[in-house]
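Q: Given the structure of chain A, go ahead and fit chains B, C and D with the ligands onto it with the hints provided.
Sequence order for the protein chains is A, B, C and D.
Each residue of the first sequence is one higher than the last, beginning at 75 in the numbering used here.
Each residue of the second sequence is one higher than the last, beginning at 36 in the numbering used here.
Each residue of the third sequence is one higher than the last, beginning at 2 in the numbering used here.
Each residue of the fourth sequence is one higher than the last, beginning at 17 in the numbering used here.
I should point out that these hints are in silico values taken from the structure, not numbers from a laboratory.
Worth double-checking, as some hints may not be accurate.
Unchecked claim - The calculated DSS-like cross-link candidates involving lysine-lysine, where the alpha carbons are at most 30 Å apart (straight line), are: (1) C:K172 with C:K250; (2) C:K172 with C:K371; (3) B:K481 with D:K256; (4) B:K485 with D:K256; (5) B:K481 with B:K524; (6) C:K315 with C:K470; (7) C:K371 with C:K315; (8) B:K524 with D:K256; (9) B:K485 with B:K524.
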Amino acid sequence: MITYILRRLVAGVGLLLVVSMVVFAIFFLVPRVAGADADTLAARYVGKSPSPEAVAAVKERLNLDDPIAVQYAEFVKGLVMGTDYDSGTDVIHCSAPCFGYSFNNNLEVWPQLVDRLPVTASLAAGAAVIWLGAGVSIGVLSALRRGTLIDRAAMVTALAGVSLPIFFTGLVSLALLSYQWQIFPPGGSYTPLLDNPLEWAYGLILPWLTLAFLYAAMYARMTRAGMLDTMGEDYIRTARAKGLPERTVVTKHGLRAALTPIITIFGLDLGLMLGGAVLTESTFSLPGLGKFAVDAIRANDLPVVLGVTMFTALFVVVANLLVDLLYVWVDPRVRAPS
Amino acid sequence: MTNASPAPTPPVTPPPVVSVRDLRITFPTLEGPLTAVDGLSFELSPGGALGIVGESGSGKSAASLALMGLHRATNATVTGDITVAGVDVSRADDATVRAMRGNDIAMVFQDPMSALHPQYTIGNQIVEAYRTHRRSASAAQARQRAIDVLDRVGIPHPATRINAYPHEFSGGMKQRVLIAMGLVCEPKVLLADEPTTALDVTVQAQILDLLEDLRTDTGMALILVSHDLGVVAGSTEDIIVMREGCEVESGDVRQVLKSPEHPYTRDLLDAVPRLDLSRQERLARLRTERSRARESGTGSAHVTPAPHPSPRGPVDAEPLVRVENLRRRFRVRGGLFGRASHFYAVDGVSLQVHRGESLGIVGESGSGKSTLSRMITRLLPPTDGRIIFDGHDITHSSERALRPLRRDMQIIFQNPYSSLNPRRTVGDIVGAGLRVQGNRDSRAVKRQVKELLERVGLEPDHYDRFPHAFSGGQRQRIAIARALILNPKLVICDEPVSALDVSTQEQVLRLLAELQDDLDLTLIFVAHDLAVVRQVSDRVVVMRQGRVVESGDGDAVYDTPEHPYTRQLLAAVPVLDPEEAHERRVERQRLREAVGDEGVAS
Amino acid sequence: GGTDSGDAAQNEAVDGIVRPTDEQGGTLTFAHSNEFDSMDPGNTYYAANWNFSRFYARRLVTYAQQPGEAGQELVPDLATDLGEVSDDGLTWTYTLKEGVKYQDGSPIVAEHIKYAIARSNFATDVINKGPTYFADLLDEDDYAGPYQDSDLDNFEAIETPDERTIVFHLKEPFGEFDYLATMPQTAPVPPDADTGTQYQTEVVSSGPYQFDGQWQPGSTLTLVRNEHYDPETDPLVRNLPDEIQLSFKQNADDIDNRLLSGDLLVGAAGVGVQTAARGRILRDDNLKARSDNPKTAFLFYFAINPNVAPFDNKACREAVLYGADKTQLQTAFGGPTAGDIATSLLPPVVPGYEEIDPYGTPNHEGDPDKTRAKLAECGHEDGFAANIAYRSDRPAGQKAAEALQASLSEYGITTDLKGYPSGTYTNEQAGSPEFVRQEELGIMIYGWGPDWNSGYGFLSQIVDGDAIKPAGNSNISELDNPEINKLLDEAAQSQDKQRREEIYARIDELAMDSATFLPFANRKVLLYRPEELTNVFVNPNYHMYDYVSLGVAQN
Amino acid sequence: MNAPLDAPESSASAAASPGPGREAASQGKSLGQIAWLRLKRDKVAMTGAVIVVMMCLVALFAPVIVKFLGHPPNEWHQEMIDPVLSTANEPWGGVSAEYLFGVEPVNGRDLFSRVVYGARVSMLIGFLATLVSVVIGTFFGIVAGYFGGWVDSLVSRAMDVFLAFPLLLFAMALVGVLPDAAFGLQGNALRIAILVFIIGFFNWPYIGRIIRGQTISLREREFVEAARSLGAGHLHILGKELLPNLVAPILVYSTLLIPTNILFESALSFLGVGVAPPTPTWGGMLSDAVRFYNAAPNFMLAPGIAIFVTVLAFNLFGDGLRDALDPRTH
Ligand SMILES: Nc1ncnc2c1ncn2[C@@H]1O[C@H](COP(=O)(O)OP(=O)(O)OP(=O)(O)O)[C@@H](O)[C@H]1O
Ligand SMILES: Nc1ncnc2c1ncn2[C@@H]1O[C@H](COP(=O)(O)OP(=O)(O)OP(=O)(O)O)[C@@H](O)[C@H]1O
Ligand SMILES: [Mg+2]
Ligand SMILES: [Mg+2]
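Isolated chain A, as found in the complex (with noise of 0.2 Å):
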């Protein structure tokens, strides 16, 4: 077990390594493929109106003059050791793991990024119970009612669910229920869960609410195919042989086997999840991280962009590596041999 693991961190090492290369790669390769130097790098640590001094006193300092692989293996360093940041009074330790310091607030960017990350975990957490719990018993109920009236109607608004953008959804919905009714509060309340659990989930209802509802229309999809799947398998047969109740048949047999499967896929869409909800923030205007990003990129704050990027490939790889520590305890064909 704990070789399995220690495999899997290493791994997960490993990947994200190479999500940082690329990464770094696009964000200061790709710029200067496309004409921006050394200088229009420095220039976006500078204000409004940058002297010439002032952009080459920041490359300068911040070595933008090095060979990409140089600068790849500073940020490397920064993110394993830290870096030591001249602030002008006197030297900063920017601390492992260090993301640089943001162009536009010259802040440094992890714990902005850690400050962000109860806004998006509050969305992800509260959106994902929702969606689970929706969109499995959903599915649950369609797949059993295979054909009925139900099954239709659960499965066409299903269907819409993943049709509509969740801009689009998000927008109405703040358009109708918050601003004309007002029965939601507007978009960018955010309370931290801390200081009035209330208020944060009254906050967070309805982008919770516009971000469940895609997913859980996925999830009902996915549910009723694998249970339908799990439902006509021999064991089904088996356990209704038993003399078992139906409902034990269809929770204990059959959603077990097709839940499985979704775990996976669960873990990925939360770990991206967790990297920011992009579309959801923007619309409720909600300060997680995927707003965060986005105000990063529309601003070229490289150091942001290149640090969401990366916290994102972390979740989705720790969720990745979570999926399959669960799916050895909740699936043992995982421990045999293929």
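A: Frame of chain A; chains B, C and D with the ligands shown alone:
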């Protein structure tokens, strides 16, 4: 009732434990309603044993499921009366039927591989069955009970194995687990739907023996469903022969087998491969049939009745295939966390095949037969040893160097469903060999393919059809045609008939024999069914765990087997005569004790 | 329908003070749809922040607390008087008031102001977001800034002979130096408390309010009263509320909704309400009465770059000037409440403005005849192709670009729209002459407001040939007219306000004549003042409510 | 234990050909024909198909449609707009016989024409990006599945890397940093090319995984071995034996990927990194419409509903196609 009192009519007739009257099952399909079972009636007295036989699709399973009330809430329409242990299955409410399932009547399913839930331990699944019907039982009691039944069905170390997951068990063990699960509530009837179809002969024999033992010990009644008359013959008292959903014949086993009344029953009986028939006898019979047919002008057209040369080619001549000390290693991952380990699937096999000869290779599942065949055709590179084909050492030849040689060696696979590409037409499939080998003249290819299709008993205008439109037997003919189109010197048949019905099997074997006769083919015939192998091979090689344990002249191996394993294999073959079946059972018991209980783990 | 009837009440805070009071108490809430570049007074270039930071960063000089023209007067803040200039115009001297203290009670000394200017103007590798007028004007050659050279004595252009006197030595005379003294860069920074870029998290207050503990950028900034602030030393009344809260990154529409419902008191960015709220306010007389629609000194224009073909030909540029339909541009930009049609560079609110319309067309709708004539003159009768650059994340600008595209297309001038992120627009695209040439950005939308309300403050960056920079260039028309350059220098050095204003008007004329500017809108903003807000007026220099004057109505 | 691998296929065949003596019922019909028969019977899927075809026609003949039913998409109609409020003079955003969906605020452009023209970009990008994904995904999926070993490991890890990226952010960032003229393209042509490439390129792992899985299970089928034993090379096996079996999943996932890509494009446009204005796109219109949600709801609804209907239609059709091609659903 015990097997000591085989009298058909006991003095006092107790009420039947299962009674079925005029059962009719209809499924709605795209092509309209399909009546799978059509007016079936039978009764089973307590402790009795009933066999239901019929070819695939004859409605056996559909009828079995109806007994369990498992068609409820599906789109099947079931009419007629079914009474099981006093429960009127067709009219009782769901709760009553549920209380009956597993408790009064338990079912063992066809495919043990998929009938167990892969995510729960076998203990969990057995305990669940028990506690559903014995609500007062404590967890500990239920667990003890599960251990007991596992022990009863012959699972070694049941107290520890109870925590195993299904995938950690072999097929035979899984089938035992399923039987244990059926037994756990001491049902009055055990319904076994083809419990051995997916298993090896030896394992099959063990399972059948187990069922027989259980019946004697516990006094429960048994319904045994199978397409193999041999399986039913030795284990039941009464028999029903079904065809296309209808009963064609029924009665006492001995009676029906000895003097079948219905022609269909007779056909079924004839098709069962006979272990006691030697190759010479069979060949002779075949030739006379063919010449008779030719005289009456109905046989296949262009057959040269060249008198067959001595079945064994000249011993001194260079053999077509020589295999020396061939080994093949595979890596197995040792579970999820363990290190990978190696094992030899084929471990030092040497053999020779002479021109015009047919060599049979037998052995149970996993003994390395397919691995060996694939190495001989170099579809798989060997780890060690040498392969000499037609004078060329091909052990390490490159794929490019092999290409011209591929014309001369062909292989026919076990599963006619997966060996034909479902997205290519029959013409494409059969003609592929010519095209791959560089024949660009599509007109000529087409003509040749059509000729060959006719030769293997298919219509030439099947050329443009896709494989899914053919039955299993027909598909195997297509596969044979594909193998023959390049006029190969050697054809390896890797269990070409084991996926087929007995009757289809017979047709395909007959075709192969004819072709060998006519085209002077050299055959390697791989099978796990000894009877099949005997009928087509001049020499036989018996394999076990990657090694050859015995080899020699076909008849010699069958008549005077030397190795105990060969004897065990022979003893496991089901026979049609119930008396003989009984004798063999005793013999098996003795052999098992001699060889040890290794069979269980296979 | 109701667009006229409410006019009586609208703009009340432009011309006078609404609900004047000196009642203290309450929490004054601000919200910003984005965030300020930095809360460090030495490191910011946003008018709204120059306005806001007066709560905690007093400067040498500030503006009188009055609406309208009176509010453009300069009054001393930390200094006892406006700057005292030497006869040669090269030395400016200020004296600090007595008894001015930081939040910790320690006295504010002249050296700290010198230090503040040193760090904000000479350490551009660290503090570089604000303007660098001091670095440009002071007579200083090789001072490396306080972070590399900790000996402040090496910074010779500023002298602090005693704790209360600060003397600036200039290279050349600069008549408007007092305006520079209003910039937040002159707010004192105690060297011991300076943490470079991170000073924004714990600014040491010299004003009536101080940060409530260490502030984490991005989170809500709370200001509480500074006990050591002495209102007696302050020419302004700027201590009405008990507490001030400023939250960032709020949804812009949401800010408006909260303003309209009274949940929030001020939109901190000072750019007025969004389109959605604008519709609501203008349709409802009651709401409209509580709104103000002041003109600003912000000009929107298209720069036509004479280094990009075919605009190297003046007639081609003129064709664009005559072809543009400014009414369409105005509507696209947001209509009359968002801006008046502009006819020249200088905004009407800047002193010295004279109305001129050198490329005027009937009803501002464009002049087809002249356009065609100019096209013919420049050798493209059937039009030509060009690019229009705009900031892709500024909807109004984008719509204006589309409007120009639409009106030019009528003359066969086909244009491609090129959007760039506003974050890098000035630094890397429109503001990089090399990039402009490479991508052939012939027409670029741009907006410009003065750093202080004078012609120099407005013009110097956008018409001065000496101001052209390889990156971060604001003179994106790349206008380099020796006469203009000379006039600018003269204006800078002149001590005569009258003369300066004449020069500005002349420069305006000359710049327009170059046909490299297509001004189309003098921005107006639609501000909304919730009823709870007291002491409200529009600051005529920042063109938004005067933040420090505001109070909160107490029940 | 080879049952699970070919279970669907063999069970289908077993049902179709019950016994050795009996001829198969559905003889002669190819699987494609059977699928078509089934598809024709699926009303919902056919509705989807009809809408899809309609939308394609709309995109194709946008100029003609607009000529008869609307005004040029980039023509300004400021006479329709209240200059102070920026919204239409008439109620309902100016919906009338002349302006079927009303006009756009600010500039009075005809929303109907813009929605019609918006279909072009959406469809173009949806289709082309899918093509890119399918080509890359199929190639790598099939190669990884067929060759296995280190090739498979490499491709699978690459897919992991791609799947670990926050796609939208990445696409946004990438669109932002790419040059303005390249590969002999410029302006919107380049923009579209870049979008197609990015969307297509980052979506390939989804299809790649499916193809890889299918290939692995196909590779184990004996017909591949049979082909090898005839002397067929890798190319023949990949192209002639495996690819035809992958057509069904490729087709199904393409039809399901197209709507995803349409959504993706609209999301990028919504976030402001799509095709440059004034070219109308649905996502771009939506993002403009946000500011007028209360004053001009028609501005938001028109493109929103267009996206919804198109994507839904593709999904319905794709779903039906999957069912029709799935041998298990009898
Ligand atoms: N759920 C179903 N829907 C439609 N047709 C069915 C269904 N189940 C079985 N059939 C059909 O009913 C007929 C009888 O099937 P059944 O499974 O009883 O055959 P069997 O005798 O058990 O065959 P085998 O030996 O292959 O198991 C077959 O033609 C089969 O295709
Ligand atoms: N590619 C492979 N990797 C690992 N193990 C393999 C592989 N192929 C075969 N084996 C193992 O080698 C052993 C022999 O397999 P083989 O297929 O030759 O048996 P067989 O005699 O043909 O059995 P059957 O009758 O079931 O077809 C089995 O244990 C099998 O699991
Ligand atoms: Mg069956
Ligand atoms: Mg085999």
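Q: Hint by hint, note whether the structure agrees.
A: Here's how the hints hold up against the structure:
no. : hint               : verdict
1   : C:K172 with C:K250 : violated, 42 Å
2   : C:K172 with C:K371 : violated, 47 Å
3   : B:K481 with D:K256 : holds, 18 Å
4   : B:K485 with D:K256 : holds, 21 Å
5   : B:K481 with B:K524 : holds, 22 Å
6   : C:K315 with C:K470 : holds, 23 Å
7   : C:K371 with C:K315 : holds, 14 Å
8   : B:K524 with D:K256 : holds, 26 Å
9   : B:K485 with B:K524 : holds, 21 Å
Of the numbered hints stated above, those contradicted by the structure are hints 1, 2, listed in ascending order.
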